[in-house]
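K.L.:
Read off the chains here:
4 protein chains.
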Amino acid sequence: KEEHLRDDLKYYFMSPCEKYRARRHVPWKMGVQILKIIMVTSQLIIFGLNNQLVVSYKEENTMALKNLFLKDYKGVDEDDYSVAVYTKRDFYDSLFYVMNQYSQLDQLSVGPISYAEDENGKLLPLIMCKKYYKRGSVEPSEEAYNIDAQLETCMSHDPKTANLWRTENSSFFDLDFYLVDIKITFQLSGINLQTVRSRELPDCYAFFITFDNQCHSGKMKIFLDIEAQSSACRDWKISGTQKNTHYLLVFDGFVILMCLTSAVLCTRSIILAVRLLQRFSRFFHENFNRKVCEDDQREFLNGWYLLVIVSDLLAIIGSILKMEIQAKNLTNYDVCSIFLGTSTLLVWVGVIRYLGYFQKYNVLILTMKAAFPKVLRFCCCAGMIYLGYTFCGWIVLGPYHE
Amino acid sequence: KEEHLRDDLKYYFMSPCEKYRARRHVPWKMGVQILKIIMVTSQLIIFGLNNQLVVSYKEENTMALKNLFLKDYKGVDEDDYSVAVYTKRDFYDSLFYVMNQYSQLDQLSVGPISYAEDENGKLLPLIMCKKYYKRGSVEPSEEAYNIDAQLETCMSHDPKTANLWRTENSSFFDLDFYLVDIKITFQLSGINLQTVRSRELPDCYAFFITFDNQCHSGKMKIFLDIEAQSSACRDWKISGTQKNTHYLLVFDGFVILMCLTSAVLCTRSIILAVRLLQRFSRFFHENFNRKVCEDDQREFLNGWYLLVIVSDLLAIIGSILKMEIQAKNLTNYDVCSIFLGTSTLLVWVGVIRYLGYFQKYNVLILTMKAAFPKVLRFCCCAGMIYLGYTFCGWIVLGPYHE
Amino acid sequence: KEEHLRDDLKYYFMSPCEKYRARRHVPWKMGVQILKIIMVTSQLIIFGLNNQLVVSYKEENTMALKNLFLKDYKGVDEDDYSVAVYTKRDFYDSLFYVMNQYSQLDQLSVGPISYAEDENGKLLPLIMCKKYYKRGSVEPSEEAYNIDAQLETCMSHDPKTANLWRTENSSFFDLDFYLVDIKITFQLSGINLQTVRSRELPDCYAFFITFDNQCHSGKMKIFLDIEAQSSACRDWKISGTQKNTHYLLVFDGFVILMCLTSAVLCTRSIILAVRLLQRFSRFFHENFNRKVCEDDQREFLNGWYLLVIVSDLLAIIGSILKMEIQAKNLTNYDVCSIFLGTSTLLVWVGVIRYLGYFQKYNVLILTMKAAFPKVLRFCCCAGMIYLGYTFCGWIVLGPYHE
Amino acid sequence: KEEHLRDDLKYYFMSPCEKYRARRHVPWKMGVQILKIIMVTSQLIIFGLNNQLVVSYKEENTMALKNLFLKDYKGVDEDDYSVAVYTKRDFYDSLFYVMNQYSQLDQLSVGPISYAEDENGKLLPLIMCKKYYKRGSVEPSEEAYNIDAQLETCMSHDPKTANLWRTENSSFFDLDFYLVDIKITFQLSGINLQTVRSRELPDCYAFFITFDNQCHSGKMKIFLDIEAQSSACRDWKISGTQKNTHYLLVFDGFVILMCLTSAVLCTRSIILAVRLLQRFSRFFHENFNRKVCEDDQREFLNGWYLLVIVSDLLAIIGSILKMEIQAKNLTNYDVCSIFLGTSTLLVWVGVIRYLGYFQKYNVLILTMKAAFPKVLRFCCCAGMIYLGYTFCGWIVLGPYHE
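Protein sequences, first through last, are from chains A, B, C and D.
Be aware that the first sequence starts at 1, since it is given in the numbering used here, and climbs by one per residue.
Be aware that the second sequence starts at 1, since it is given in the numbering used here, and climbs by one per residue.
Be aware that the third sequence starts at 1, since it is given in the numbering used here, and climbs by one per residue.
Be aware that the fourth sequence starts at 1, since it is given in the numbering used here, and climbs by one per residue.
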């Protein structure tokens with residue numbers, strides 16, 4: 001029995017190559033892993049290219065809308081705002097510019113973009129709100145004001161007649177310059193025709209545009225925040241394009257299957273290892289009346305298997321999300337890309353394990369393993385000093401420099 | 001008696017953890033320190049955010065004033081000047097531009113800014129001075145001049161009629177171009193309404209603006225120096241906002257209390273250590289008739305305590321300054337931020353001491369301590385060569401490169 | 001016989017200096033190598049200067065054509081496109097701008113550039129194509145379209161009357177903005193007069209210009225792809241300049257001769273080494289009845305000789321290509337520069353061998369040799385992690401950052 | 001006698017501190033060195049500030065002249081040229097712009113700049129030259145030209161009537177666009193009034209301006225080369241400023257004296273060392289009948305003394321040049337700054353010697369001395385590979401990238 005246990009132990013700590021030599025055990029698990037690396041990586045690349053199309057569509061539209069609605073926009077944002085305005089005349093100009101451009105949007109833009117509608121097909125209105133401090137009693141001495149709590153008034157109007165507002169609501173635009181901010185909100189809808197070319201169904205987008213105009217000092221910053229929400233297009237009929245998404249769905253299915261197999265195989269290995277450990281410790285206890293020390297117990301628990309299982313689970317969740325996105329049921333590309341990206345990262349890190357089977361690499365890996373905690377400890381000490389320095393630097397130098 | 005001294009010595013060099021195990025001594029001092037770290041850091045963050053508001057207000061107003069008063073200002077300063085002018089026509093244009101903009105300031109700026117007044121409520125004048133070389137006798141040969149000592153003439157005028165100057169004082173503007181410089185000085189006052197929103201009393205600012213126009217070569221550099229002085233607003237009544245500065249004052253009081261406690265505890269520890277050292281050296285002298293060597297004496301003096309006391313004193317001074325600033329008695333944020341920042345830096349560096357109680361970190365810290373003088377010595381040698389190189393590089397390459 | 005073999009072996013592993021001392025053997029091979037370094041390097045420099053003229057001509061013409069044909073071109077390309085257009089009006093303007101500029105090209109450009117001709121001397125036409133989605137049945141509900149497969153229509157016209165197109169084909173320019181892209185293609189020819197100054201025959205160039213106008217989103221990107229093909233000028237008679245290409249051809253011939261000599265000498269050395277190895281292993285087998293181990297065998301094979309032979313072959317091919325280019329039979333400078341550049345790189349790396357003859361350098365070189373595989377192995381491990389990180393970073397952060 | 005020699009040897013290898021303790025020898029030499037460091041450094045700083053004034057005057061005038069004479073100049077040069085022109089119309093515009101601006105120079109520039117005169121007080125003319133290829137016989141087939149050797153024609157004219165040229169010499173401006181280049185040359189004179197303020201005599205400058213217009217491809221590059229030559233002002237009488245150059249001349253004299261003393265002291269030390277070596281080797285030869293080995297001989301030769309002497313000589317030459325510059329006999333600041341800069345570099349490097357007298361620093365310096373040749377050798381090997389790589393990279397990638 002002792003002989004049998006020794007054999008099993010020896011076999012357990014062998015590399016796949018040695019296992020093959022010893023018991024002609026074909027390394028299935030390793031084959032599955034290698035196939036998985038290839039499949040997960042290709043899946044990631046396919047999804048990444050798709051994702052890039054979507055992101056670039058959003059970014060280009062953001063840039064286009066900024067160029068359409070912001071007067072004197074230079075093509076790049078400064079720090080955190082888009083355009084800065086210093087004089088009252090410039091402020092009125094940029095305000096009316098937004099309204100004019102909005103009212104003639106359909107003759108302006110080169111892209112397929114139009115006013116958004118509500119469920120009844122009525123155009124959604126443009127809403128303009130201003131916040132300002134109310135003067136209390138204006139006393140004769142010029143520097144003494146009562147500044148009241150801030151007020152907010154709004155007005156909303158039909159997009160087509162936006163340029164009439166100026167004359168109709170002249171009192172609204174008679175701004176008192178203890179103004180806090182003025183905010184214009186409207187909504188546009190667009191369609192991404194790019195995806196039609198890659199033979200997929202197009203996404204439709206709703207743009208929520210906020211023209212914020214904060215005035216704290218003599219420098220009035222203009223922000224244009226654009227939020228793009230994608231959704232499946234309801235009323236579009238695309239003819240003349242074939243849909244090849246079926247092949248992709250089948251491929252995703254295969255990836256899920258492969259990951260499941262890999263996870264099951266690794267779970268089995270862990271269970272076998274635990275059983276072997278139990279046998280070994282029982283034997284140890286019976287023969288030498290001693291417990292197996294903790295370090296030796298830890299040798300049985302293979303960290304790599306845990307890594308593989310975690311990566312498999314992430315890949316399965318990511319693949320399911322990807323299939324849902326392709327079927328136009330979901331549109332949150334970001335969550336899916338985090339799952340797929342992390343699983344691919346772990347899968348590639350796992351390759352180091354196979355390098356460890358080569359004698360020469362093993363030395364390297366063990367050295368790195370041993371040096372790791374020391375490096376971490378040094379980083380911890382340096383981190384303390386750095387933290388103090390950061391606080392000190394932020395408060396003393398921060399406001400003047402970047 | 002010897003036994004007693006040995007016990008005290010052993011106890012003195014224990015870590016808080018060991019002290020607790022030995023005599024059930026609860027580590028009050030360590031608790032105070034940890035609480036202090038949290039409080040000092042939060043105080044710093046609150047003050048830093050406040051400080052940033054003030055600094056950004058000053059910076060944005062500087063930018064706004066530059067855009068208002070400088071013709072063809074591109075939004076960023078070059079090297080050390082704001083705008084450069086090369087022709088006489090451009091020079092006159094930018095000079096009259098300042099005066100025009102100044103005379104119509106109240107219709108221009110989007111921010112709450114106005115002409116400054118003296119104590120009697122009279123508007124302060126704009127002052128324009130020019131320095132130039134007087135020609136001696138203009139001889140017929142064209143290249144031979146007498147260049148006299150430089151003269152200076154000034155004129156001052158009411159802001160409202162600044163644009164009349166041009167016609168009234170045409171002889172002043174008939175500039176001889178052996179001009180040295182021309183300087184325009186005026187003063188504006190503003191109010192920071194931002195702080196009203198964070199429910200604090202607003203600061204008022206006085207802007208001292210100097211438009212300097214130095215002409216040494218064919219390139220005339222235009223400088224706009226803006227000095228912003230903040231002061232409590234005298235004649236403003238803010239209604240509708242609550243003042244939550246009381247809570248902050250209480251918090252600052254707690255910080256001062258905590259720092260006092262910490263400083264007192266550390267002073268007590270130092271006194272105890274000195275007494276122990278005296279007992280020990282007396283014992284040593286009596287029994288072995290030898291002096292305690294200097295290295296051993298130094299072991300008794302704990303550098304960390306000094307660090308903590310210094311940091312406490314800085315924090316107390318900083319907190320008092322902060323309270324004064326909040327009560328609008330002081331406005332020098334910079335001095336206060338240096339005190340608070342330095343104390344926070346020292347407090348965080350002090351955390352390394354507690355890391356030294358862990359065996360593994362201690363090795364690291366001792367190694368760094370030992371390596372420090374060698375590194376310093378190397379830097380000293382390299383510094384000499386670098387100093388020589390700097391002088392040589394500055395003189396040979398300096399004027400042509402940056 | 002054994003004595004003789006020992007002598008030969010000792011002599012084989014000597015450095016040239018020791019060989020000279022031992023048998024008065026003048027180091028011909030080393031002399032040839034040193035001469036070769038000088039010649040190959042000078043040849044490379046001559047070719048490189050020539051190549052730079054050609055490349056800078058192409059680049060400057062590209063820049064000139066972009067400035068001529070692109071409206072509002074700022075002098076640098078953004079990311080991957082030249083100019084971006086956001087409104088329909090800007091789009092039409094930049095389209096008609098190309099056509100106008102093209103029709104009056106001969107009065108515009110400062111360089112010797114003209115319309116390209118076909119074999120019969122007829123001017124080649126400008127071709128304009130547009131791709132767009134066809135609308136299906138326009139239903140009353142505004143958001144429901146049938147988007148058909150994309151169509152393509154083209155028109156071509158004589159360059160001289162390009163500005164008439166606009167009025168004649170107004171229906172073509174009545175663009176439906178489910179446009180995919182519009183492409184304008186034309187061809188120009190130029191002559192590089194710069195090479196005339198360096199007393200060589202001028203090259204003629206054909207420019208294939210594509211004005212691509214992709215519209216996927218609200219941002220229409222304009223590309224101007226210019227492909228410059230150089231060819232010998234057919235119909236030019238250059239008088240008053242001497243051609244000094246003969247001297248260069250003779251120099252190239254000498255380089256080829258030198259490289260051939262070097263290659264032959266190295267091949268001879270390898271053959272001699274192999275024979276010596278055979279003698280040695282036979283002797284070893286006869287006397288000790290053992291095989292020479294593999295490491296010892298490898299000592300006989302001198303890697304440097306292989307390096308020299310490879311570099312010689314590359315230099316010979318490169319020189320032949322260079323001669324063909326100078327004789328105007330070939331124009332692919334890039335292939336030639338790769339051959340010449342690689343051979344020069346190898347020749348200079350080969351100098352390290354001669355440094356190895358000095359005792360002190362030899363230690364250094366052997367150390368580097370020994371450390372090399374360890375460094376490589378570490379890079380391999382780090383590479384795995386980096387690969388995973390790259391994939392993960394590309395998918396998660398990639399689309400939003402650069 | 002042996003005892004005496006041993007004493008002298010011991011004393012020779014002592015540090016100044018030990019010498020003082022041994023024979024009460026006050027370290028004069030060291031005092032002189034320390035004083036020299038201070039004086040040489042202050043001299044360098046004074047000269048450097050002065051030099052910077054001169055260089056910034058030149059640079060600012062260069063910038064001013066570029067802005068005056070170049071049409072559409074953007075304030076910074078691209079690569080190697082100032083402005084690029086692509087169309088014939090732009091070319092004529094920028095050509096006539098130079099002539100117009102030149103003819104009205106005295107009403108334009110804000111700086112004291114005027115037309116240069118020859119000895120007789122006559123204004124120097126503007127000279128314009130063009131180089132072009134002559135067409136041979138223009139054959140009917142359009143693409144076949146005879147391109148003749150290049151010709152050159154020039155014209156020169158009075159500055160005041162430069163704008164008349166255009167109408168008078170219309171045939172000159174009827175440019176054939178196989179033009180090689182066109183060159184405009186004129187000369188201006190200016191005075192640096194800045195130095196008047198620092199109470200020194202002003203320098204006068206002559207500007208030689210070349211407007212070069214090379215046309216190799218469709219991109220015509222415009223260069224404006226400005227050469228500024230400074231000279232003493234002949235016909236200027238500066239009154240009302242005191243000249244404080246006397247003090248500076250006295251200070252420079254002191255520096256020269258100090259450096260002479262230092263050089264003489266070091267030469268004496270070297271002579272004493274050589275004599276001691278001779279005594280020692282004679283003694284060694286007589287008593288042990290052996291020669292002193294080379295390493296021991298080298299110990300006697302103190303490299304630091306050589307360094308000090310070289311630095312002293314450089315400082316003396318530099319100081320003499322500086323005095324000449326201050327007396328307005330010389331104007332080449334660059335040569336003087338190289339001498340002064342190098343001497344200061346060496347003087348500061350010499351400080352390391354005094355650090356070597358401290359035990360702990362000495363270890364460091366000896367270690368660095370020992371490691372130096374190994375580092376150099378490694379650099380040599382790496383240099384070979386880098387050289388090959390540079391050649392290869394330049395030829396293969398060079399023309400396309402930077």
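Note that these hints are calculated values from the structure, not bench results.
The model shown is predicted, which means the values in this text are computed figures rather than measured ones.
Take the hints with a grain of salt, since some may be wrong.
The list makes no distinction among identical chains, and a pair is therefore deemed to hold if it is satisfied within one copy or across any two copies.
Claimed, not checked - List time: in silico DSS-like cross-link candidates among lysine-lysine, alpha-carbon distance up to 30 Å:
1. K360 - K374
2. K374 - K130
3. K66 - K130
4. K360 - K88
5. K88 - K66
6. K71 - K328
7. K328 - K74
K.L.:
I want to check one pair: K374 and K130. Are their C-alpha atoms no more than 30 Å apart within a copy, between two copies, both, or neither?
P.N.:
The answer is neither: 58 Å in one copy and 65 Å across copies each exceed 30 Å.
K.L.:
Are the CA atoms of K328 and K74 at most 30 Å apart within a copy, between copies, both, or neither?
P.N.:
neither (37 Å within a copy, 41 Å between copies)
K.L.:
How would you classify K66 and K130 at a CA-CA limit of 30 Å: within, between, both, or neither?
P.N.:
Both: 21 Å inside a chain and 27 Å across chains, each within 30 Å.
K.L.:
When Cα atoms must be at most 30 Å apart, do K88 and K66 count as within-copy, between-copy, both, or neither?
P.N.:
both (21 Å within a copy, 16 Å between copies)
K.L.:
State whether the alpha carbon distance between K71 and K328 is at most 30 Å within one copy, between copies, both, or neither.
P.N.:
neither (37 Å within a copy, 41 Å between copies)
K.L.:
Reference check for the pair K360 and K374, CA-CA at most 30 Å: within, between, both, or neither?
P.N.:
Classified as both: same-chain Cα gap 23 Å, cross-chain 9 Å, threshold 30 Å.
K.L.:
If the cutoff is 30 Å on CA atoms, where do K360 and K88 land: within, between, both or neither? Let me know, please.
P.N.:
neither (73 Å within a copy, 65 Å between copies)
In this structure, the hints that do not hold are numbers 2, 4, 6 and 7, in rising order.
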